[in-house]
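Q: Those protein sequence lines, which keep their order, are chains A and B.
So for the first sequence, the numbering used here puts the first residue at 425; every next one is plus one.
So for the second sequence, the numbering used here puts the first residue at 425; every next one is plus one.
Derived by calculation from the structure, the hints in this document are not laboratory data.
Incorrect hints may have been included.
Any copy will do: because identical chains look the same in the list, a pair fits if it lies in one copy or spans two.
Simulated crosslink set (SDA-like; lysine to any residue; CA at most 25 Å straight-line) [said to hold, decoys possible]:
1. 428 with 744
2. 569 with 469
3. 651 with 693
4. 533 with 729
5. 468 with 569
6. 569 with 430
7. 428 with 757
8. 533 with 520
9. 665 with 605
10. 428 with 481
11. 657 with 718
12. 651 with 695
13. 468 with 729
14. 468 with 521
15. 665 with 597
Protein chains: 2
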Amino acid sequence: MDKKPTIDDVARAAGVARATVSRVLNSSPNTSERVRERVLQAVKDLGYQVNLQARQLASGSSRLVALIFAADADAEPNSYYHSAVELGAMRACSELGYGLIAHTLDPAKDVHRSRVLAMVDERRCDGLVLTPPFSDDAGLIRALKQRDAPFVLISAGPDARRLAHSVGIDDRQAGFELGEHLVRGGHRCFGFISGPQDHRSAALRLDGFLEALNHAGVDESCVTVAKGNFTFKSGIDCAEKLLASAERPTALACANDDMAAGALFSAHRIGLNVPSDLSITGFDDTPVSQIVWPPLTTIHQPLRVIGSKAVELLVGQIMHENGASDAADHQHLVPFQLIQRSSTGQGAPN
Amino acid sequence: MDKKPTIDDVARAAGVARATVSRVLNSSPNTSERVRERVLQAVKDLGYQVNLQARQLASGSSRLVALIFAADADAEPNSYYHSAVELGAMRACSELGYGLIAHTLDPAKDVHRSRVLAMVDERRCDGLVLTPPFSDDAGLIRALKQRDAPFVLISAGPDARRLAHSVGIDDRQAGFELGEHLVRGGHRCFGFISGPQDHRSAALRLDGFLEALNHAGVDESCVTVAKGNFTFKSGIDCAEKLLASAERPTALACANDDMAAGALFSAHRIGLNVPSDLSITGFDDTPVSQIVWPPLTTIHQPLRVIGSKAVELLVGQIMHENGASDAADHQHLVPFQLIQRSSTGQGAPN
DNA sequence: ATCAAAATTGGAAGCGCTTCCACAAATTAA
DNA sequence: TTAATTTGTGGAAGCGCTTCCAATTTTGAT
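Whole structure, please, built from the sequences with the hints as guidance.
A: Right, here's the structure in full:
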């Protein structure tokens, strides 16, 4: 394996200075057409490829962005959610000439914050995309802003959205539509399987849901909330609890698809027919919602778009380098959609 | 934002030479305890952190490994599979002080090979982990070996395993056990939903399956094979086809869980009861297999372990730098396990 | 005590690139 | 035509680190 050609080799071959080659390669404005062509030809002839390390060291940027996910010790919760976001982020990255470092952290462990900060401190990446629950971690956000690190939040809660660039759907509205849908189906007694406390945007889904019921004149006492943690398993547990109550709900709304799948599982086990005995709704429209039987009525979040949008925003921020101050108005709302499938019946049960 | 301390600052603070600091930081053997302590203290005092770019440029290594996945334009096939492998890889990376770059490529597009090679050419990473179908791409493997790039294969077919380091299960044996299990259940008429052609290790599952039937004296004519592509959708389609045939199979074995879920979906739609009318088996033991109803009998692959093992092997290779020549005996077989759930009945139907 | 060998340490040369600065060439204005 | 600009280009100084090599100190054997 002979040594790779360097920028100096190209310069020599093209008969120009190293600086000129660099300029051509970075499409700086001041280069004549003639020289540009000669350089490009030399690059092609030699099969030259920039050494990113060197470029990064010299320019102070790594051309890498990091995507931060939560993952606790054993579960791989929401992995479809993650994959979709990651995929979108990757797309945007390749398009923009950036690399993507995906990083999972256990939000329960206390080191997570310093880990994230180390990524930017060590110049491992030029910027960060944070997914929940990190996107709601005010302390982390503050630390990031303090060191002028570019970052954008995905599905953050309203507080965090006020602080930094973010992308996500209008979770409250989505919850509202879910509530409406169920009310329209004739339901009057509800269960809601929510996400964990620190996932602010998921909490909004519940707010919106309740609002819809309220709007329809349903008393709040008719809805029981159980707190899950987005896993299939927690969906089973919560559903079991909710369905065992004296006044059994006829509709179960869940803060994500995995928990809805769990609820469905419970229903099967108990022998309830979905949707004739019980309606169930999910959230996210991950493949899970179609894999189960019956397929789930759910809210479609354009997760790939969210991922790519986040990276686009981030890279824009990195390039213009005009700090985080103008963040407030950089809240990107992407459209969601209620997807009606057969897990919710047309008429209310009995 | 004041400038970050450099190695020179540390050297000055500790009253030693820059080279000495470097030595301490890289735990080279020749440093006296006294100096080591002084340096470490200075590091702590200043809050010094190495600049990876610089280290990389100077040392010629990026301390980054890349994980290559397949993902075609719209589907996110097998995302649980990917997530699990990625998670395992990440674990190993953080443990070994490496970073992970995950990269998805469309194997259908022809640029994929050059993209991968660019990763190593541009020194974006020190090594690669290839997942199927890239792990069976002989051309890619050859190109990688040619440039002495360290890499390891995941779930590669036998041909590829002969060429390079690899980790995976004994797919043939797993297929065999699945076959045995179904035969033991009394089945005599089978359908098999296979993976795409270029996924060699998945093909082995079918080989083993057939072998088991053969072993049990079942005629090969009793099994019909449909070719899927690992997606839920393709599982539906294949199952539909297989179940429509004159001699309807009483058992459907699928090369992965997603397709098994699809088969299950078809069965539901047609009105077949699983497992009393039809037994179904999956492969991988991803969460999907427990999310569906009834939960799937499947083969558990320790995907996380596979991911971390692959990275460990890779890093070992990177460190020892003793080329790919001794690859042959570096085939790591990890144990799999048949997980029996309720999608396969105890007795044969009717 | 003496000298060779081993263990530490410092000095300095890069790694391959970007970018600031100065200078030459090509334009334009006067 | 000459002076004042506007380009385009080359030279050189780093970016922050590793690592080779030589110098120094320590160790251990004689």
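Q: Any hints this thing doesn't respect? Which numbers, in order?
A: Of the numbered hints, 7, 13, 15 do not hold.
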